[in-house]
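Colleague: Using the sequences and the accompanying hints, generate a full structural model.
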Amino acid sequence: LKVFQSFFVSFSLPPVIVRGEQLVLGAVVSNYLDIDLEEVVVTLKGNIGFKSVKPSSSGLEVLESGDQVKRIKVKSQELGVVYFAILVTGLGNIPIEIAAQSPGAADAIRRILVVKPEGALVSFNNPFFISLSGQNRFNESIEFPLPPSVVNGSDRASIKTTGDLIGSSSSSVTELIGLPTGCGEQSLGRTAPNVYIAFYLLAIGQFFGRQKAELIEFLEAGYQRQLIYQRFDGSFSAFGNSDESGSTWLTANVITVFVQASEIIFVDPFVLIRATDWLVERQNKDGSFNEFGKLLDSSIQGSGTGPLLTATVLQALIRVQPLATTNCYRATRWANATANAIRNLESLVDSDSINDQLSLASVSYSLALANSSSSAEKAFAKLLTYARKE
Numbered sequence: 001l002k003v004f005q006s007f008f009v010s011f012s013l014p015p016v017i018v019r020g021e022q023l024v025l026g027a028v029v030s031n032y033l034d035i036d037l038e039e040v041v042v043t044l045k046g047n048i049g050f051k052s053v054k055p056s057s058s059g060l061e062v063l064e065s066g067d068q069v070k071r072i073k074v075k076s077q078e079l080g081v082v083y084f085a086i087l088v089t090g091l092g093n094i095p096i097e098i099a100a101q102s103p104g105a106a107d108a109i110r111r112i113l114v115v116k117p118e119g120a121l122v123s124f125n126n127p128f129f130i131s132l133s134g135q136n137r138f139n140e141s142i143e144f145p146l147p148p149s150v151v152n153g154s155d156r157a158s159i160k161t162t163g164d165l166i167g168s169s170s171s172s173v174t175e176l177i178g179l180p181t182g183c184g185e186q187s188l189g190r191t192a193p194n195v196y197i198a199f200y201l202l203a204i205g206q207f208f209g210r211q212k213a214e215l216i217e218f219l220e221a222g223y224q225r226q227l228i229y230q231r232f233d234g235s236f237s238a239f240g241n242s243d244e245s246g247s248t249w250l251t252a253n254v255i256t257v258f259v260q261a262s263e264i265i266f267v268d269p270f271v272l273i274r275a276t277d278w279l280v281e282r283q284n285k286d287g288s289f290n291e292f293g294k295l296l297d298s299s300i301q302g303s304g305t306g307p308l309l310t311a312t313v314l315q316a317l318i319r320v321q322p323l324a325t326t327n328c329y330r331a332t333r334w335a336n337a338t339a340n341a342i343r344n345l346e347s348l349v350d351s352d353s354i355n356d357q358l359s360l361a362s363v364s365y366s367l368a369l370a371n372s373s374s375s376a377e378k379a380f381a382k383l384l385t386y387a388r389k390e
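UniProt numbering numbers the first residue of the sequence shown as 1 and each following residue consecutively.
It is worth saying that the hints were derived from the structure and are not from the lab.
Treat the numbers as computed from the prediction; the structure is a model and nothing was measured.
The beta carbon of each residue, even a glycine, is placed where N, CA and C say it ideally should be.
It is possible that part of the hints are untrue.
[What the hints assert, rightly or not] Here are the in silico distance ranges between beta carbons for each label pair: (1) E217 - P269: 16 to 24 Å; (2) D67 - V18: 22 to 30 Å; (3) I130 - K389: 31 to 39 Å; (4) F128 - G26: 21 to 29 Å; (5) L87 - F128: 54 to 62 Å; (6) Q77 - I109: 17 to 25 Å.
Modeller: What follows is the structure in structure tokens.
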């Protein structure tokens with residue numbers, strides 16, 4: 001049941017406006033009375049936060065303060081509209097009030113116009129640690145030198161305190177939790193952060209309550225969604241069996257993420273075994289790997305070749321290795337594939353054949369994970385040569 005007045009005035013405002021902008025307010029007068037209203041006086045109440053814009057006899061705009069008044073006739077069961085042009089001069093929350101009055105009825109409405117300053121927002125932060133050391137008072141003077149170009153009236157300050165040194169970081173991290181959606185690449189790209197956020201919250205003792213329940217729910221949803229994109233041969237691709245071939249990069253990363261996720265939710269080992277078998281069967285004789293599928297995300301297309309791809313697969317092989325212990329034949333094949341991948345990367349590092357930063361970072365991490373300390377350190381040392389010190 002919807003109930004409304006027989007006579008009322010209404011208008012709408014934008015969510016936010018910038019100081020100095022003009023705004024045309026459309027006031028709608030609704031007359032559901034049984035009589036025509038020959039004269040309705042519609043008034044925009046004046047405010048120091050804006051000025052009325054009116055045309056002059058010369059055709060130029062004139063700014064005025066005070067009330068704006070207009071008169072209209074509104075027939076029974078019809079609407080009437082009047083317009084008020086204003087120039088916003090204030091900042092913050094400015095009340096806009098419009099009243100409509102006739103001999104037989106009257107109404108008024110007030111809304112808040114949110115006004116932001118012109119220019120670009122620049123923030124300064126000055127964190128410091130408070131230690132009372134047995135005292136109950138603490139004094140600290142802080143200065144924030146404002147640039148000469150600061151917009152007049154736009155400066156403001158706020159104070160935030162927390163009794164937990166990691167409280168703010170953990171609350172910021174949980175804002176990154178998201179429900180996995182999209183194709184195989186997109187779904188994994190949203191599942192992986194959830195896994196790492198869960199590990200972080202576990203490490204700081206914050207993995208409980210609503211955050212834990214939400215993370216587990218999203219991890220399970222991501223796991224189930226990713227299974228849609230597992231192909232008949234065990235590999236994964238962006239669109240599953242609709243693609244011509246599985247993706248080496250995506251399959252390796254699914255294995256890595258799912259092995260880690262299995263510490264929090266149930267992951268069917270057979271899913272990981274089939275995917276790993278697919279990778280091992282396609283390893284080159286020199287221990288490297290090729291990309292057989294397509295990568296849709298342009299930001300990861302470089303991951304489909306060379307040592308970067310081999311390092312990605314090696315990380316998956318190392319993490320999934322414990323699942324092969326129940327089958328001697330499979331354990332031997334996986335161990336050999338892992339050893340061959342390690343030797344391939346070691347030879348590339350020793351011959352100084354890796355020259356891009358992303359590959360060096362991934363290779364050094366993969367070799368460190370494989371306990372190949374010497375080659376890992378050598379790759380990392382070369383990576384550091386690309387660092388820019390300021």
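Colleague: Determine for every hint whether it applies to the structure shown.
Modeller: Checked hints:
In this structure the supplied range 16 to 24 Å holds for E217 paired with P269, their Cβ-Cβ distance being about 22 Å. A hinted range of 22 to 30 Å for the beta carbons of D67 and V18 is consistent with their spacing of about 25 Å. A beta carbon spacing of about 33 Å between I130 and K389 agrees with the range 31 to 39 Å that was offered as a hint. Between F128 and G26 the C-beta distance comes to about 50 Å, which lies outside the given range of 21 to 29 Å.
Taking the beta carbon of each, L87 and F128 are about 42 Å apart, not inside 54 to 62 Å as hinted. For the hinted restraint 17 to 25 Å between Q77 and I109, the CB-CB distance of approximately 21 Å keeps it satisfied.
Going down the numbered hints, you'll see the structure goes against 4 and 5, while the others check out.
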